[in-house]
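Chemist: For the record, in the sequence shown the residue sitting at position 40 is 87 according to my numbering, with numbers rising by one throughout.
No wet-lab data here; the hints were simulated from the structure.
Nothing here was measured: the structure is a model prediction, and the numbers come from that model.
The reader is advised that the hints may include incorrect statements.
Claimed, not checked - If you anchor each label on the Cβ, the simulated ranges turn out as follows:
1) 119 with 87: 16 to 26 Å
2) 53 with 92: 18 to 28 Å
3) 59 with 84: 15 to 25 Å
4) 54 with 90: 14 to 24 Å
5) 53 with 106: 14 to 24 Å
A virtual CB, placed ideally from N, CA and C, is assigned to each residue, including glycine.
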Amino acid sequence: ATVLLENNCPVHVRSAEVGAGVAVEGRSVAQDGPFPLSGNWWDERAWTRVEWDVETENGVIARCHYDQYGWAIDGIYD
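Given only the sequences and the hints, what does the whole structure look like? Please build it.
Modeler: Written out as structure tokens, the structure is:
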């Protein structure tokens, strides 16, 4: 996924098909987040990521996250 930021907030999202075959692409009209998450902090499998819910101009609301590998779209809301 590609996510453009402005003032550390997603302003544009683009990804190939996710979920039920819906492509996520467009200017962000609303965002909720960031939600910082982490787990397995006690061993070598520790992970951290930041999640956002982003609504695009065409009405798609997607859950996306940023971690050590970059941006990804986890799914879309019905």
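Chemist: It remains to establish, for every hint, whether it holds in the given structure.
Modeler: The hints, checked one at a time:
The supplied range of 16 to 26 Å is met by residue 119 and residue 87, whose beta-carbon atoms lie about 18 Å from each other. Under the hint 18 to 28 Å, the C-beta atoms of residue 53 and residue 92, about 33 Å apart, miss the expected range. In this structure the supplied range 15 to 25 Å holds for residue 59 paired with residue 84, their Cβ-Cβ distance being about 23 Å. Distance hint check for residue 54 and residue 90: the Cβ-Cβ separation is about 35 Å, which falls outside the suggested range of 14 to 24 Å.
At roughly 21 Å, the beta-carbon separation of residue 53 and residue 106 lies within the given 14 to 24 Å, and the hint holds.
Against the hints set out earlier in the document, violations occur for numbers 2, 4.
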